[in-house]
Amino acid sequence: MPHKQNTRRLAELSVLVAVSLIMFVIEMQLPPVVPVPGVKLGLANIVTVFAVYKYAPHEAILVFLARVLLGSLFAGNVQALIFSISGGALCLLGMIAISRITDKDMMIPASVIGAVLHNIGQTAAAVFVMNTTAVIAYLPYLLFAGCIAGAFTGACAYAVSKRIP
Amino acid sequence: MKRRLIIAVCIGLFVISGGLSLYFYLRPAGRVVEIISDGTTLYELDLDKEPDREITVEYKGRKNIIKIEKGDIYVSAADCPDHTCMKTGKLSQSGVPIVCLPNKLIIRYKEGADTDAA
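Line by line, the protein sequences are chains A and B.
Once you know that position 72 of the first sequence is 72 in my numbering, the rest is easy, because the numbers rise by one and skip nothing.
Here my numbering runs 1000 ahead of the position in the second sequence, where the first position is 1.
Derived from the structure by calculation, the hints contain no laboratory data.
A portion of the hints provided could be inaccurate.
[Stated by the list, open to error] Derived lysine-lysine pairs resembling DSS-like cross-links, with alpha carbons at most 30 Å apart:
1) Lys104(A) x Lys40(A)
2) Lys1067(B) x Lys40(A)
3) Lys1060(B) x Lys1087(B)
4) Lys162(A) x Lys1110(B)
5) Lys1070(B) x Lys1049(B)
6) Lys1110(B) x Lys40(A)
7) Lys162(A) x Lys4(A)
8) Lys54(A) x Lys1110(B)
9) Lys1063(B) x Lys1049(B)
10) Lys54(A) x Lys1002(B)
11) Lys40(A) x Lys1049(B)
12) Lys54(A) x Lys104(A)
[To be verified] From chain A, some residues computed to sit far from chain B (all C-beta separations above 12 Å):
13) Arg8
14) Arg9
15) Ile22
16) Leu65
17) Ile98
18) Val116
19) Val135
20) Gly154
[Said to hold, decoys possible] Some chain B residues judged to face chain A by a derived CB distance under 8 Å, without partners named:
21) Gly1018
22) Leu1026
23) Ile1055
24) Pro1097
Glycine included, each C-beta is placed from N, C-alpha and C at the ideal position.
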């Protein structure tokens, strides 16, 4: 019954988008941990990591795109979209590649590498937008914070995936 | 094998980025500061010689007000949505610049300020 399957999939993916948007909005309310632009926990990425391992690549990409587009509308900051998309796309591609060759128990390392790729994409976008390489000075701090945040979101996604196989 | 490689890459990234952060954080910087707006340097200021004053930088009608006070420089007001530049506070010696992404403003210590001062 392919029809029923499709509807079920659609509903599942929509719930994932909703959950990641809620986490995105909650995180916006939290004060920044460090005053470096671009550093944050990335709670919404828990859903991305989870989706990458549970669903097909194109489905994970759809969830990510819907989250980013709606999220920037909710935040009222469309300029931030450039950073989210460039970072997120790189992160997503990296994690999809790793998820193809590993099992679920590698979620934490995959998430760490994803976070690092996200930071690299963000910085590249910032260099392009700001028209200067000065922002690269932030990269070591971003990467270090990304390792910690990535391990955290990966651990959360792993915990969820054990309960929702 | 693949697992070990991936985990090793993660640990490597963590250690290297941590080391680099620490290195840049501890590295002393000169006292010459540059204010860059949309890729062009507007001001080059020697903080040791600058009197206390206010500088207003405009980008597409949005303003950042930069204050110099007793050898410190910081953004005192900005009409951007996130105010990250204000929260960064005074420009520290660590080499972390003050950045306002929406208004494309950067305040940083000039690279190699000691060598090309003459």
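A quick look at each hint next to the structure:
no. : hint                    : result
1   : Lys104(A) x Lys40(A)    : holds, 24 Å
2   : Lys1067(B) x Lys40(A)   : holds, 28 Å
3   : Lys1060(B) x Lys1087(B) : holds, 22 Å
4   : Lys162(A) x Lys1110(B)  : violated, 51 Å
5   : Lys1070(B) x Lys1049(B) : holds, 10 Å
6   : Lys1110(B) x Lys40(A)   : holds, 28 Å
7   : Lys162(A) x Lys4(A)     : holds, 25 Å
8   : Lys54(A) x Lys1110(B)   : violated, 48 Å
9   : Lys1063(B) x Lys1049(B) : holds, 25 Å
10  : Lys54(A) x Lys1002(B)   : holds, 20 Å
11  : Lys40(A) x Lys1049(B)   : violated, 37 Å
12  : Lys54(A) x Lys104(A)    : holds, 9 Å
13  : Arg8                    : holds, 32 Å
14  : Arg9                    : holds, 29 Å
15  : Ile22                   : holds, 21 Å
16  : Leu65                   : holds, 22 Å
17  : Ile98                   : violated, 7 Å
18  : Val116                  : violated, 6 Å
19  : Val135                  : violated, 6 Å
20  : Gly154                  : violated, 10 Å
21  : Gly1018                 : holds, 5 Å
22  : Leu1026                 : violated, 12 Å
23  : Ile1055                 : violated, 18 Å
24  : Pro1097                 : holds, 6 Å
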